[in-house]
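What follows is the residue order along each chain.
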Amino acid sequence: MHDPQQAPAPNARRAATWRRYLRFWGPRAEADVDDEIAFHTDMRARDYMARGLSETDARRAAARRLGDLAQARAECIAIGSRRERRMTRAQLVDAFVHDLRFAWRTLGRQKAWTAVAIITLALGIGANTAVFSVVNALLLHPLPYPNADRIAFVYLEPARGNTTGMSVVVMPGMPVVRAWKENARSFEAFEPYMDEDRSLRTTEGPPVSVNVASVLPSFSEFTGTKPTIGRVFTSRDIADGARVALVSEPLWRGRYGSDPGIIGKSIVLDNQPYSVIGVMPVGYRLPQVEETVSDVWLPLDLRNDSLGVRLVGRLRPGATVAAATRELDAIYARSAGEKPTSLDAGDFTVRLTAPSEMVSFRQSLLLLSVAVALVLLIACGNVAHLLLAKTAARQRELAIRAAMGASRVRIVRQLITESLLLAGAGCVGGLIAGWLGLRALVAIRPDSLAELAEAHMDGTTLLVTAALSALTGIIVGLLGTLQAARFSANDALKAGAISASQSRRQRRLRSILVVSEMAVSTVLLVGATLLIRSIAHLQTVDPGFDTSRLYAVQLSLRQEYPTTEARQAFLADLTARMRQVSGVEGLTISTAVPPWRSFMIGALQTEGDPLPPAGTTSFIDYNRIEPDYFRFMGIRLVEGSTITDTSKAARQVVVNAGFAKKYWPRGSALGRRIRVVYNGQGDWMTIVGVVGDALTSGLLGEASRPMMYLATTDSNQPSVLVRVAPGADPIPSLRRVVAQADPRLPSPTVSNIESVMQRSIARPRFTMTLLVAFTGLALVLAAVGLYGVMAYSVAQQTREIGIRIALGATRSEIASSVLRRGILMAAVGALVGVLGAGWASKLLESMLYGVGRTDPVSFAIGVAVLLATALAACLVPVRRAVAVDPLISIRAD
Amino acid sequence: MPDATTDFLKGTLDLMVLKTLSWAPAHGYGIARWIEQCTDDVLQVEEGSLYPALHKLEDRGLIVAEWGITEHNRRAKFYRLTTAGKKQLAASRDYWARFAGAVFKVLETSPAPR
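In the order they appear, the protein sequences are chains A and B.
Going by this note's numbering, the residue at position 609 of the first sequence is 609; the numbering climbs one at a time, nothing skipped.
Going by this note's numbering, the residue at position 80 of the second sequence is 80; the numbering climbs one at a time, nothing skipped.
Just so you know, the hints here were simulated from the structure itself, not pulled from any lab data.
Yeah, the Cβ is synthetic: ideal placement off N, Cα and C, and Gly gets one too.
Warning: the hint list may mix true and false statements.
To give an idea of the chain A side of the interface with chain B (calculated C-beta under 10 Å), a few residues [claimed, not checked]: (1) 32; (2) 33; (3) 39; (4) 40; (5) 56; (6) 57; (7) 58; (8) 61; (9) 65; (10) 67; (11) 76; (12) 351; (13) 508; (14) 509.
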């Protein structure tokens, strides 16, 4: 049984609170109803008395006549309360509309002031909008799949012994993939995939190289796409081993003229015909965050153990990454026990990676997000200061309104409405500025950041911008009204306008704002300087080899040349033809061309040292070269000689200085023997020479990273390095020569090494450009802020300055006293900023090359630029102070 | 006649309140007394119905209330008809007249003799 008295208690309490509120703010329904009923009772009693009853009897009779009115009373109160709530709401809306109109008029009266405030906010908000659009596209939506937030890449990583200093992941073998796909409960979809370049026969010319991906039939569901025309793969296709293919819409449009009759036609990949069954839209793409889109798709046969696939999965709703990892680990351990694969020599564990972690531009984006947030902070500071100055000037207006009965809350609300209106205009301006900024950002993007083109402003961007603007408006409004909330109408109406304590408090607030802006600017300045110096280092660094007029022709010889002899014969013929090309000065052959690296996985063992423990994993950079490689590349020979015997039996190797220094810090590396151990095996090789360190892995690489140069260039993907005479453009003729040597080969990739090397620093340079731009914006805003404060304080002190001049102060004394204040604020800001930068430069550390994150030069430059800017911002106020005419200024007011 | 006091037809009280107020603004007690007097005390307005009805009419915007002083110098809540209230009264009055007439006809008619 429950007590009916207890049940409604919470409601009753709420009602009580509500009534208290009403009593405070206006009429309250309950009292009204009680009064009305009391009046009624009195009148009834009076009637009875008029008929001759005594007062007591009359009252009793009246009460009896009325009976129990509790229910009617409650009903009336409910109706009344509801109406009052409605009216209160209406009143609030009314007041807001009134505030808005008033704010509109006030802002409209001071057009210049309003313009400055809106532009400042628009710049601050716009910078954030632009950067957020990129973050939104690249980090928050890296893959255009449905439920992308539950997508994870599945890798194996060495459980221990990873000495590479970076994350090493390997692809699981097919038996493991099958075991996972069949047994993993934490995934609702499991998509193995692979891709490779193949040559596609064309009717009109040499074959073209296309990216061919292999996927399961379920991949179309996984990506949420349907064929533009035709159909997708079926499990039947795979069971039958059908030679069917899907082509991408871009390929279909570009190469086949959007011909719908392509269905059922045959295309030839690497000399094998496939029947086209469908055309897929661009959304049907491999989950590769930053790579090219596939052109052709083939069915993937999971029964083929020789295939190496990559894996992506979609977790079930509610499944955690940790639990999913545990489950896959358990399945992996079981399947590895049943059927050993070559990967099980080491000890591997499962690693799940979210797509956004694969975005290599991630670090830069985080840095830029912080930078634009700081810019917005400075913009807020400036507008708050503008509002402060305006509130001070409006002291009298506000005092009059207060004297006429406007409550303090009402006045503050009015001021906040104004700042919200400003922020609203700033939001619109910010969207425009952000859109322009985003266009500019996309326009100057480096080629390697092609996916940046996908960044656009969507609903999320609009929402975030609006929220940011509202927040800005409130912060600015509160800062700007700090003293308005305190002011006393009495003081303000008095002749002296603003009391001394008031102006002191205001001055302190302004100073804090400016010092903060200076500090934030210093942080940005130091960061930008660090990046500039880092890029400058990269651009002037000696790569250790001669990149000038160097070209690479990357060939792909697969089934056309199955044997070493065939390949060597072809390369001999090709190089002979190339030497005939006008402008070619020399050439050599190697397997890796800058800035690409090739590395062996395993453990390095030097002779005399024990065998490294099983499972030790490291990347050992190597390149296969011809003996004349070093002379051709301009890589210095430190000691010994280049490879003298290219025979397999001789097993000669040349290492770089970094290699020699790492393993034999004292003594020579010459004559030593080394081997790369993988699965307990590896051939011993003898070091015959040591060469200088070279940045063949790109300008962002590390020259002294140990590197091995091996003899024999036999590979099915060799490259010819060609150096040409100044002024020659060899690319067309080199391509032609390859086509002449073997018309069956796909057109090779020919690249200019010098520009490719420069391009490898395009991303850091892009980040730097953006950071410098945002820093410049921040600096300008901060300078405007300092100027504003200084100009205002000089204007306030005109009278005092006049008196001092009249009393004999020299102009230079006046100038230095004004200047001292400005520089003091800048210096305090710089000091705080330096401390902040010392901490914040951690964010930058991974992006710095050749510069430490505490590089004193960068800090000094940052501070110097800040102080110089501060000085410039103070100049006009100082000149104004010096120009004060004592006669006029003292007489004024 | 206790039955008559409780058995107000739905909407009848509203109509009578509106009609009462169409002469002049009045407080709740005044309205009740007026109706009682008009009907020679046949209809006794029950307070438990009157006040909710008044508040509902006010909520619907048919009447407005304001506090005023009575002839006995007491504070009382006076109700006044709004324009919307006047329209509603006219409409309800016509409807009620037709309805009452119809009911009356039914009551007056005796079955035709065979």
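Mind listing which of the numbered hints don't hold for this structure, in increasing order?
5, 6, 7, 8, 12, 13 and 14
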